[in-house]
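Novice: Chains A and B, in that order, are what the protein sequence lines are. Reading the first sequence from the start, the letters are residues 26 to 433 in this note's numbering. Reading the second sequence from the start, the letters are residues -15 to 65 in this note's numbering.
To be clear, the hints were calculated from the coordinates, so they are not data collected in a lab. Treat the numbers as computed from the prediction; the structure is a model and nothing was measured. Yeah, the Cβ is synthetic: ideal placement off N, Cα and C, and Gly gets one too. Just to be clear, a hint being listed does not mean it is correct.
Unchecked claim - Per the computed footprint, the stretches of chain B lying under chain A, defined by three or more beta-carbons under 8 Å from a beta-carbon of chain A, are:
#1 15 to 26
#2 30 to 37
As the list claims (entries may be wrong) - Calculated pairs, SDA-like style, for lysine to any residue (alpha carbon to alpha carbon, straight line, at most 20 Å):
#3 K34(B) <-> A398(A)
#4 K112(A) <-> D26(B)
#5 K53(A) <-> L105(A)
#6 K309(A) <-> F27(B)
#7 K59(A) <-> Y(-14)(B)
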Amino acid sequence: MKTTILHVDINSYFATILQQENPHLRHKPVGVIKDEGRTCLIATSKEAKQLGIGTGSNVYEAREIFPEIILIPASFDRYLDATKKLKKIFESISPDVYIYSLDEAFINISHCQKFIYPQAEQLGQQIQQKIKQELGSWVTANVGIGNNRLLAKIASEIAAKGSVLEINQDNLDGILASIEFKDVCGVGYQLTKKLQRLNVTHPYQLRFFTAEELGVLVGPFWANELLKIAYGQEPHLLTLLEKPSSHMKSIGRSITGFRLYDREDEIKSILFNLCSEVIDKTRKMKLAGRQITINLYGQNQAFHDHITLKYFIEHLDEMFIWVKKLYQHWNKDFKIIKFAIRLSLLEPNDQKPLLPSWHKQEKIQTALDKINAKYGLFTLHPASIMKQHLIRPEVTGFLGDRDYQLGN
Amino acid sequence: MYQKIDQKIWVAGVYKNSSFQPTKFKWQDRELKITEVTLHSDFKDGQVKKRCYSVISGQEVYRLEFNRENETWYLREIWVD
Ligand SMILES: [Mg+2]
Chain A
26 MKTTILHVDI NSYFATILQQ ENPHLRHKPV GVIKDEGRTC LIATSKEAKQ
76 LGIGTGSNVY EAREIFPEII LIPASFDRYL DATKKLKKIF ESISPDVYIY
126 SLDEAFINIS HCQKFIYPQA EQLGQQIQQK IKQELGSWVT ANVGIGNNRL
176 LAKIASEIAA KGSVLEINQD NLDGILASIE FKDVCGVGYQ LTKKLQRLNV
226 THPYQLRFFT AEELGVLVGP FWANELLKIA YGQEPHLLTL LEKPSSHMKS
276 IGRSITGFRL YDREDEIKSI LFNLCSEVID KTRKMKLAGR QITINLYGQN
326 QAFHDHITLK YFIEHLDEMF IWVKKLYQHW NKDFKIIKFA IRLSLLEPND
376 QKPLLPSWHK QEKIQTALDK INAKYGLFTL HPASIMKQHL IRPEVTGFLG
426 DRDYQLGN
Chain B
-15 MYQKIDQKIW VAGVYKNSSF QPTKFKWQDR ELKITEVTLH SDFKDGQVKK
35 RCYSVISGQE VYRLEFNREN ETWYLREIWV D
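Just chain A, with the same shape it has in the complex (with noise of 0.2 Å):
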């Protein structure tokens, strides 16, 4: 059976999100920040990176490059829900897809296609219009069709904007010889550096050296990496996609303040407003987790610190009783401007502690979860943190947590 793979990819996702829902925005260098206020572009319209105004640029660099650029909040919600619309598409062609992040997805359409897709290209631009259908004009996707993976997204990155590029036998060294290392999934910055001092550019030029050779470099793993990449091969990091894993293994949230923060009751709050969230979704998933770690980042320093139990926790109250206790470790020596929570070592919740103690605060967290599925998160919280701005969940562009937001 002959493998195709198609990754789908949505240009510019979070400004042109923005861009359909508001025509004002259409045609414009767009910026889009956290929320009001804040400095760093987490996207930008097409129309600005034409003008070299990229992702993650801040206000004032894009300023001086075009004092008029439009500034607008994220709309996590509305993303969310465009990324549910896009699922659905894809679900709708193959049962085999994974939602690769917010606004990429990976289509194996191998099984199903000597039958229904006969044409992998046309199918592609089915998907643009299938997807103008449902989200709107404005929103165009590259497609980018491979035999595997690796070159499905290579495709795709290196389409021009709102088309459908295929990769095969024919095309395939010439695309390997002439695109960089950044339009190649996994290989990052420090790797592209070490292959620098080769000489090396393109993936094609590895193909002039050994394992034993790029070893030297980059180490064993790497080395045997990079060697299917430069043969158009799919690497390890992306075979794993296809064994998801059963559940997540770890839940975190951070949050980036607008000031520097040195009061320890705002901290404090702040500290518990992050674990009320990672509890929330900890027990949505019904799961359990035995390790916490606590980061705190000043402006160049960082503290961190974690601890392993041997039982599993899934209650706020004691999620934040050593949340507390590894923050007492801090010598409190930096202003903190971000903040982050994760609970790790995560399991399926299924065997119940016969501790009353434990029974106890169950009946608490039920009842408090109760609330808040009613409510909203944070409906209930105690006195101390009642006069601090909320921290609403949000959803990340990368979906670490992606079984959790697109779950229903």
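Got chain A sorted already, so can you dock chain B with the ligand onto it with the hints?
Specialist: Structure of chain B with the ligand alone, referenced to chain A:
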């Protein structure tokens, strides 16, 4: 930028292909005809299901929100250049 309004409105519309399409709304005693729904999204606020419609009336873009639990409509935001 979007300007916050957060006021209750009345909405009229039609069901087309088994989905609701708002066609006009009444806000502050003015009746506004909707010429296009540019985007609609379902989301949950806690367990309360909501649906927002981004609509065009005249030159203006409005963000409407429908609370599917108690069936009330709000005008949430207006785009001002
Ligand atoms: Mg994209």
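Novice: Give a verdict on every hint.
Specialist: Hints versus structure:
With a threshold of 8 Å between beta carbons, the proposed coverage of the stretch 15 to 26 of chain B by chain A holds, since 4 of its residues qualify and at least three are required. Beta-carbon proximity to chain A at under 8 Å applies to 4 residues in the stretch 30 to 37 of chain B; the threshold of 3 is reached and the given coverage holds. Of the pairs offered as hints, the one joining K34(B) and A398(A) holds, with about 14 Å between alpha carbons and a cut-off of 20 Å not exceeded. Using a Cα cut-off of 20 Å, the hinted pair K112(A) and D26(B) holds, with the two alpha carbons roughly 14 Å apart.
A threshold of 20 Å between alpha carbons decides the hint, and for K53(A) with L105(A) the separation of about 24 Å lies outside it, so the pair is violated. About 17 Å separates the Cα atoms of K309(A) and F27(B), which keeps this hinted pair within 20 Å; it holds. The suggested pairing of K59(A) with Y(-14)(B) holds, with an alpha-carbon distance near 14 Å, which does not exceed 20 Å.
Hint 5 from the earlier list is the only one contradicted by this structure; the remaining hints agree with it.
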